[in-house]
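Protein chains: 2
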Amino acid sequence: MRPLIAIDWGTTSLRGARLGSNGEVLASREFARGILSVAPGQFEAVFHELFHDWMQNPDTLCLISGMAGSRQGWQEAPYCPCPAGFTELVKHLLWIQPARIALVPGMSCMATDPLKTPDVMRGEEIQIFGALQLAQRDTATLVLPGTHSKWVQVQAGRILNFKTFMTGELFALLSQHSILGKTLDLKGAFDEAAFLQGIDQSQQPGSVLHHLFAVRTLGLFERMSSTALPSYLSGLLIGEELRTQAQLTGSNPVILIGSEALTLRYTLALQHLGISSQCRGSEATWAGLFALACNC
Amino acid sequence: MRPLIAIDWGTTSLRGARLGSNGEVLASREFARGILSVAPGQFEAVFHELFHDWMQNPDTLCLISGMAGSRQGWQEAPYCPCPAGFTELVKHLLWIQPARIALVPGMSCMATDPLKTPDVMRGEEIQIFGALQLAQRDTATLVLPGTHSKWVQVQAGRILNFKTFMTGELFALLSQHSILGKTLDLKGAFDEAAFLQGIDQSQQPGSVLHHLFAVRTLGLFERMSSTALPSYLSGLLIGEELRTQAQLTGSNPVILIGSEALTLRYTLALQHLGISSQCRGSEATWAGLFALACNC
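Line by line, the protein sequences give chains G and L.
As numbered in this note's numbering, the first sequence has no gaps in its residue numbers, which increase by one up to the final residue, 296.
As numbered in this note's numbering, the second sequence has no gaps in its residue numbers, which increase by one up to the final residue, 296.
Simulated from the structure, these hints should not be mistaken for laboratory data.
Hints are supplied without guarantee of correctness; some may be wrong.
Stated by the list, open to error - If you want the footprint, here are the derived chain G segments under chain L, 3+ residues with CB under 8 Å:
id : segment
1  : 116-128
2  : 164-174
3  : 210-221
Note that this is a predicted model, so its numbers are computed, not measured.
Heads up, the beta-carbon is just placed ideally off N, CA and C, and yes, glycines get one too.
Isolated chain G, as found in the complex (with noise of 0.2 Å):
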């Protein structure tokens, strides 16, 4: 086994491990120097400059995950189709420097609806990868919580399709930019009961245009609290969700990938309608990136 150094690149941070040959994080660093923060054609200068210490062993493999290999990072590293697993990850990795250092490709897949609309990850297919290494299975329905979350199905180790939902970002939105803002009190804590009713109405029938509204009237009829209101709204955003995705999930635990404070609201929720589910955070990246390095 080569020395491993792991990055993940991606929007706006950027986090390098160097892992043992067991695929232990020997050392890890983390910049605030995401895509956007880097000039077109500076993606190698900043690379040298924050890692070369690392590469100075010239047996070592980089492996770099995440929007480093879109159109907008170092190098654009075409999507590679789905169904995939990781004989195709490895096959389109996009070498920078022949055998030293290479882009992860993103992954695509297109939805069986008339209009076969795509669908793309990048950055996500490695942490699914690693999260499944981790827990020891094949086969599993994985959810990504965040700006725009994933729901992957993944079937005898290889990754058949996913479906993104815009349910992170439009919170920010909601929150931020329209009128609900004006009844939202967002240093509120996160307030568990007013999550969950958020999530039984999202299962009410009718549509979450609508059911958005009731965060408004709820607060002008002070039949619940501005602290209150934003978990409502967050409930019936990831109720949505769970609205069309929960019957997919099969009778094994969901595996969620994420931040602790979100992949704690989505085990609440799957929980509140009766899915188990296993939570992973960064070290999915770390271990997806490995099980790479020992394909490659």
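With chain G's structure known, arrange chain L on it following the hints.
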């Protein structure tokens, strides 16, 4: 019949009309003096400045609908709870000058869901009664598209219940502030084919939170032009409204009230789903206030 001044005092604009004894518009005025532009305590002064000449006849009656009757307006005219018809609206008029100037109350209703979520309208109620008068109907489904679209059920001249959808506001937020804005070109003309593709897609299984993301990926994969994407997004959102409301419309034409640009889109969308409709514009407001004056 006393001389009537009908006024629609909204959030961002103020419109007034002097009506004849058959409800015909003798003169009308419009000002960018919505309630947001009026300092607290200054409503009477602004009203006097803009309409004192029309109010010189001591016999003149003035009825004011819209946000002027809200907590942030001239005075708060408390919501009239549904079901309610003209009789209740007359009873709930808030007289600012006895028998001379009155604010029309908004309406509220309560959903039948377990949370009994409230809903509210202010200004739309008078358009609804006006449009029914003009259509000579006392039972109808009415739709008032806009920032906060309303779907309204009227039976035997009484508003039974209504639902608000944040459709227009979400369109604005998503096209101006979200990641979707990066692939949209808002300067394009309305694209009917893309709009109807959006309507079709919104009727597919799955959540609008997922369908929305295709606005990005259809752009990324160059499957739809940046000028067509705003129409597709509009179709997705209006279609989501129709997905849950279309089955409530019955066999008679739906009455649409609003600007020409918006009612055109709803006419197309309803027609696409096999539902007929007829449109009304600002004349509905004057007809409603005139009918109210006849019942004062």
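query = Okay, the segment 116-128 of chain G and chain L, do three or more residues pass the C-beta test at under 8 Å?
reply = Contact hint for the segment 116-128 of chain G vs chain L: holds, 4 residues under 8 Å.
Coverage claim, chain L over the segment 210-221 of chain G, checked by counting residues with Cβ within 8 Å (three needed) = Since 9 is at least three, the answer is holds.
ask   = Under a C-beta cut-off of less than 8 Å, do 3 or more residues of the segment 164-174 of chain G approach chain L closely enough to confirm the stated coverage?
value = holds (count 8)
In this structure, every one of the numbered hints holds.
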